[in-house]
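Peer 1: Could you build the full structure based on these sequences and the hints that come with them?
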Amino acid sequence: MVINKILNNNAVITFDDKGKEIIIMGKGIAYGKRKGDFIEENKITKKFILSSMEHSNHLVDILSSIPTEYIELCHDIVQYAKQKLSIELDDSLYISLMDHITTSIERYNKGVILKNKLLWEIKHFYKNEYEVGLYGIDIIKKNYGLTMDEDEAGFIALHIVSAEVSNNIKDVYEITGFIQNITNIIKYYFNRDFNTESYNYYRFITHLKFFGYRVFSKKSNKNDSINNNLLDIIKEEYKEAYLCSLKIKQFIEKKYYFYLNDDEILYLTIHIAKLISD
Numbered sequence: 001m002v003i004n005k006i007l008n009n010n011a012v013i014t015f016d017d018k019g020k021e022i023i024i025m026g027k028g029i030a031y032g033k034r035k036g037d038f039i040e041e042n043k044i045t046k047k048f049i050l051s052s053m054e055h056s057n058h059l060v061d062i063l064s065s066i067p068t069e070y071i072e073l074c075h076d077i078v079q080y081a082k083q084k085l086s087i088e089l090d091d092s093l094y095i096s097l098m099d100h101i102t103t104s105i106e107r108y109n110k111g112v113i114l115k116n117k118l119l120w121e122i123k124h125f126y127k128n129e130y131e132v133g134l135y136g137i138d139i140i141k142k143n144y145g146l147t148m149d150e151d152e153a154g155f156i157a158l159h160i161v162s163a164e165v166s167n168n169i170k171d172v173y174e175i176t177g178f179i180q181n182i183t184n185i186i187k188y189y190f191n192r193d194f195n196t197e198s199y200n201y202y203r204f205i206t207h208l209k210f211f212g213y214r215v216f217s218k219k220s221n222k223n224d225s226i227n228n229n230l231l232d233i234i235k236e237e238y239k240e241a242y243l244c245s246l247k248i249k250q251f252i253e254k255k256y257y258f259y260l261n262d263d264e265i266l267y268l269t270i271h272i273a274k275l276i277s278d
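Going by UniProt numbering, the residue at position 176 of the sequence shown is 176; the numbering climbs one at a time, nothing skipped.
One or more of the hints may lead you astray.
Below, computed lysine to aspartate or glutamate pairings styled on EDC-like, alpha-carbon distance capped at 16 Å [to be verified]:
| no. | residue 1 | residue 2 |
| --- | --- | --- |
| 1 | K142 | E72 |
| 2 | K5 | E21 |
| 3 | K5 | D37 |
| 4 | K187 | D278 |
| 5 | K27 | E41 |
Treat the hints as calculated values from the structure; they're not laboratory data.
Peer 2: See below:
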């Protein structure tokens with residue numbers, strides 16, 4: 001691959017083997033180079049093949065305008081997130097995180113600090129993502145001497161969640177409210193609190209996170225292949241959990257105008273049964 005355009009010392013634009021324009025990142029990948037020079041493959045740490053021209057243009061603008069060290073910082077956070085969560089994250093995360101980190105550092109330097117109204121929910125519903133946020137503010141402190149509070153760790157966590165489920169931060173705010181509503185229904189139905197440190201709680205919140213995305217994007221679970229006999233067995237085995245799932249079904253259909261099929265009822269029932277067994 002050869003360099004088509006240099007964005008900064010660590011980012012260039014080139015073409016893949018199909019002739020599609022892509023963005024390549026790597027520390028010092030463009031240092032001392034010019035257009036037409038070959039790219040050193042061993043320096044490549046990230047290739048961006050974004051799904052839309054809008055995203056691609058936005059990323060080019062960001063990479064061309066923000067300090068190189070901010071780009072490296074965001075890349076470090078994303079790599080840590082991938083290791084911590086053991087999942088692939090959408091490339092749009094680089095765009096939103098670079099935008100956010102740049103703005104946050106500028107705000108803190110001016111003494112402007114924002115409160116995160118969802119911090120409690122983030123800590124309880126997105127624990128691993130929140131730990132990524134704590135890692136982010138830690139390396140910001142080490143690199144820039146800025147001590148950011150946990151509200152900022154929460155904001156970083158929301159961007160991570162967004163890259164997991166929808167690529168839209170607005171959706172994440174709605175999904176977080178959705179999770180709060182569903183967990184409250186269960187809490188009041190059984191008149192008890194949950195062990196928020198348990199594996200079953202973590203699995204349930206993960207289920208609700210992606211379930212919430214389907215609700216707000218109106219994408220039903222089309223694998224409506226649950227055997228009726230299996231559902232009947234689960235209904236008998238976990239009667240109270242099943243009745244609670246029906247209350248949730250009624251709530252979702254009334255508030256969000258989203259129909260729950262038998263698959264969703266079954267999964268909810270099983271998750272609730274495990275949750276209350278802790």
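Peer 1: Below or equal to 16 Å on CA atoms is what counts here, so check K187 against D278.
Peer 2: Holds, at roughly 13 Å.
Peer 1: Sort out whether D37 lies within 16 Å of K5, counting only the CA atoms.
Peer 2: The given pair, whose Cα atoms are some 10 Å apart, holds under the 16 Å limit.
Peer 1: Verify the proposed pairing of K5 with E21, using a straight-line Cα cut of 16 Å.
Peer 2: Satisfied, since the Cα-Cα distance of roughly 10 Å is no more than 16 Å.
Peer 1: Within 16 Å, alpha carbon to alpha carbon, are K27 and E41?
Peer 2: holds, 12 Å
Peer 1: Take the C-alpha atoms of K142 and E72, compute the straight-line distance between them, and say whether it is at most 16 Å.
Peer 2: holds, 14 Å
Consistency with the previously given hints is maintained throughout, with no hint failing.
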